[in-house]
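Undergrad: Once you have looked at the hints, place chains B, C and D on chain A.
Residue numbers (this note's numbering), protein chains in the order written: chain A, 1 to 270; chain B, 1 to 270; chain C, 1 to 270; chain D, 1 to 270.
It is worth saying that the hints were derived from the structure and are not from the lab. Check before you lean on any hint, since a few could be wrong.
Copies of the same chain are indistinguishable here, so a pair counts whether it falls within one copy or spans any two.
What the hints assert, rightly or not - Cross-link-like lysine to aspartate or glutamate pairs, in silico, EDC-like; alpha carbons within 16 Å at most: (1) 131 / 120; (2) 131 / 177; (3) 135 / 177.
Number of protein chains: 4
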Amino acid sequence: MCRWLAYGGDPIAMDTLLFKPCNSLIRQSLSAQRSIAPTNGDGFGLGWYGHLERPGLYRDTMPAWNDANLRSLAEQIHSPLFFAHVRASTGPATARLNCHPFRYGRWLFMHNGQIGGWTDVRQGVERSIDKLLYKHREGSTDSEALFYLLVGNGVEEDPAGAFRRTISQITDLMAGEGVTEPFRMAAALTDGRRIFSVRWSSDGRSPSLFWAAGGRVGCTENSIQFGPGRGSVLVLSEPLDSDNSHWTEVPEGSFLTAQSGEVTVEPFGP
Amino acid sequence: MCRWLAYGGDPIAMDTLLFKPCNSLIRQSLSAQRSIAPTNGDGFGLGWYGHLERPGLYRDTMPAWNDANLRSLAEQIHSPLFFAHVRASTGPATARLNCHPFRYGRWLFMHNGQIGGWTDVRQGVERSIDKLLYKHREGSTDSEALFYLLVGNGVEEDPAGAFRRTISQITDLMAGEGVTEPFRMAAALTDGRRIFSVRWSSDGRSPSLFWAAGGRVGCTENSIQFGPGRGSVLVLSEPLDSDNSHWTEVPEGSFLTAQSGEVTVEPFGP
Amino acid sequence: MCRWLAYGGDPIAMDTLLFKPCNSLIRQSLSAQRSIAPTNGDGFGLGWYGHLERPGLYRDTMPAWNDANLRSLAEQIHSPLFFAHVRASTGPATARLNCHPFRYGRWLFMHNGQIGGWTDVRQGVERSIDKLLYKHREGSTDSEALFYLLVGNGVEEDPAGAFRRTISQITDLMAGEGVTEPFRMAAALTDGRRIFSVRWSSDGRSPSLFWAAGGRVGCTENSIQFGPGRGSVLVLSEPLDSDNSHWTEVPEGSFLTAQSGEVTVEPFGP
Amino acid sequence: MCRWLAYGGDPIAMDTLLFKPCNSLIRQSLSAQRSIAPTNGDGFGLGWYGHLERPGLYRDTMPAWNDANLRSLAEQIHSPLFFAHVRASTGPATARLNCHPFRYGRWLFMHNGQIGGWTDVRQGVERSIDKLLYKHREGSTDSEALFYLLVGNGVEEDPAGAFRRTISQITDLMAGEGVTEPFRMAAALTDGRRIFSVRWSSDGRSPSLFWAAGGRVGCTENSIQFGPGRGSVLVLSEPLDSDNSHWTEVPEGSFLTAQSGEVTVEPFGP
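Here chain A stands alone, though its shape is the one from the complex (with noise of 0.2 Å):
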């Protein structure tokens, strides 16, 4: 299990999320509050928009918290739209190539959850990624496979049909090898405009999903403000502090759209 943060909005500087909030990231990769594995050690990532359409990827192995580049880089960086993650693996070896966010193009993809009986599955569902998107296969995770399915279901066109075909090809893999672990995902997609958010799982044990919007986001004495108006959007695997009035949990089996500071939460299912 691991924790996830996506911004959009205006432009800030990464540590506001980062590291200021009480529950910040950082702090969540050290003791996180609501996830099975407290400690996320087993590396992280940072995606962001900046000046290019393709975005930064800074990733790395050691544990977010004893990173003084991650912290540099945090407050030094401004970004209207950025994905932070912080792992805790459930197989595959702690190595950069295995750290999230994923990147293709002008996208970028993290997730938090699991493909039940994933070394059964996995040589079906190298075999299921587009030849063409294969080349950029790099580690031996099955969220990177899953964004490479995503990809090559037609993520550019229809986000949540891409998402739905992909979970119905692995779903179908893992009864042809008779899998019985479930499949859980809360997983992060974007576009470097849009954010797409999925929680979902065959068993209805997803992991965690938040979101809150707001005016211009900030933290003050370590706790997140969000000022008047909109223009701000979290999707996050927790709240970055106690103020339960921000944060709203996205249901089981849902879809969210993040848009200029809108948020649409709609049913989703395979």
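TA: Same frame as chain A, but now just chains B, C and D:
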């Protein structure tokens, strides 16, 4: 607060103590039972004696639970005397050269604790290190500095005296700087034959320390077993399993010596 | 282009070959003599046999010349059979799981060379790996994939045949994709008793390969010495010193077998 | 011997200088043209100014040519003033905290060269560092120590004087220890507005140093182009391409100041 373990006795595969017990040192790296900081993920180290007078040293900055190399070394290498340490930094950066154990000639040293007001007294401590020994100073930790003071204070001839003189030197420097934070230590030192260990603090709140002794050590079903007779000694931050019959707590203000399977514990103060 | 070295014979400290000779493998990591790429700084690995059937494995992403751990392990560990490898990537990322040697059960494999058009044929190669073996696939290199094909093609019963079948499989996939780049290899494989090595390429321009044999191996004044008699075998990318009397080049299209100090070299082609 | 580069002018993407030129700094990490040590693979670092007074810092122990994070940061981050450094160690361990540039407040410092007899004079140098500054000392390099001496010697008010006083302090300590090896430096220092650089050595054999200035900097077909007018300055260990019209060598014994696109070079000696 760190966690550590010292073993002396018949050569055993190091994973017997590092990986197999239910509360193994590697398990403690993720979730220590008797430590203020449950996560000891800021690097680790292993020092062991083999064919040479000079011990081997393997230190890295990953969390110990995450390092496939450590697992392989621990199952392959048999050693009659080894030190292992998992680190929770009290300030200095996570770098191999700040990881314990430290080595000088045929000596190894590791430590759990802290010199109060370290940033204030540090320059005085650095100046107090013997000039020839100072050439070996690599990092910025109080622990490595402590080690070179001990060596310079005659650890070869009189280990307890060297600890006494070193503690006096440091408490004098602390007093000179008006430091009020305590000086606490649970340290282990070896020349490859004898293990010396000190549990002491300026405020009577020393880090935990235990020992156990018996015949050949093994691990069955995650529990430590000692064969009949004697020859094996363990000195460590916390018990490796819940069998309280094995583990003896070292009292506050003690100097422990282990040699040829015999353990003596004497009152100790500066 | 990488550099590697395999040793079989009386147990020796690994630094005898890795660090001491004038053109030691570690020296080759910084400045190889007979390689297209003089710098082999994209990770390294060490596999050795000890008390267990399963060999030990130590791999890291630093340049070999820069790793204090490697120096310590190489001087401490005595082994009757070990593989060492310094890597110059032909594309896949620098990660521990892309470093050689690769291990499966009691087998080790390492490689210098390249499957031409790897990104085009890769998906076909992944699909050809035996389903049970595929669970062990961790990285994205052609070398690791080659290894699992060899294992699946019966390396246990017929090593030369397994190489032949594997090469045919791959050249068929290359032809199917219209690949025109060559397939070149200088590979070494061991079960802990016998060392097998292949020098072959589709274009007759295989990477360099040498062997040497004799009595007990030592290193004096940076030069390799063999004692009288026999029992020791070295197979390696390039000579460790300038004494040409030691080193025999393996011809293009050869299969080398080393066992109990005896070396046989036979013509080899798919 | 290391290689470094300092840029000041209009904000540019850092990869313009770090990756794109034919003899880019990253290329120099693998194969420098004008250095005793062609391989500068013992870590690297990047310091840059953005929205804050305090510069950003990104340092790692991998060879620069091997770090996907560096590539991404260099293409994403635009900066009006940045320092980049690739390291070839003269002794001290490869660790992030031994990598250049070093940072203090709004200052950055980087260096190529060596204090002769460093292990002998080190303890004296450590003692000479201002007590408050010493709290920031993290590693064991002569370069980091040099930096804190410079800060303590009034670099804020009188940069050239601070260099002069620091060199005198060090040469006195060297004389006191009877050191005969030379003290050589090609150093760069910045407060975020001005770049100061010194080329000096005790034996008249300073490391190479060059500068270039002009209008807006770009890189076309691996060659550096300056637009018309002025505003951009480069100070660096060796030229980035073979167009000799750009690059002016800084003479032995010089103090260079770059501000608002103007470069002045004055004779310098302690």
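Undergrad: Now, for every hint given, state plainly whether the structure supports it.
TA: Consistency of the hints with the structure:
| no. | hint | in the structure |
| --- | --- | --- |
| 1 | 131 / 120 | between (21 Å within a copy, 8 Å between copies) |
| 2 | 131 / 177 | between (23 Å within a copy, 12 Å between copies) |
| 3 | 135 / 177 | between (26 Å within a copy, 14 Å between copies) |
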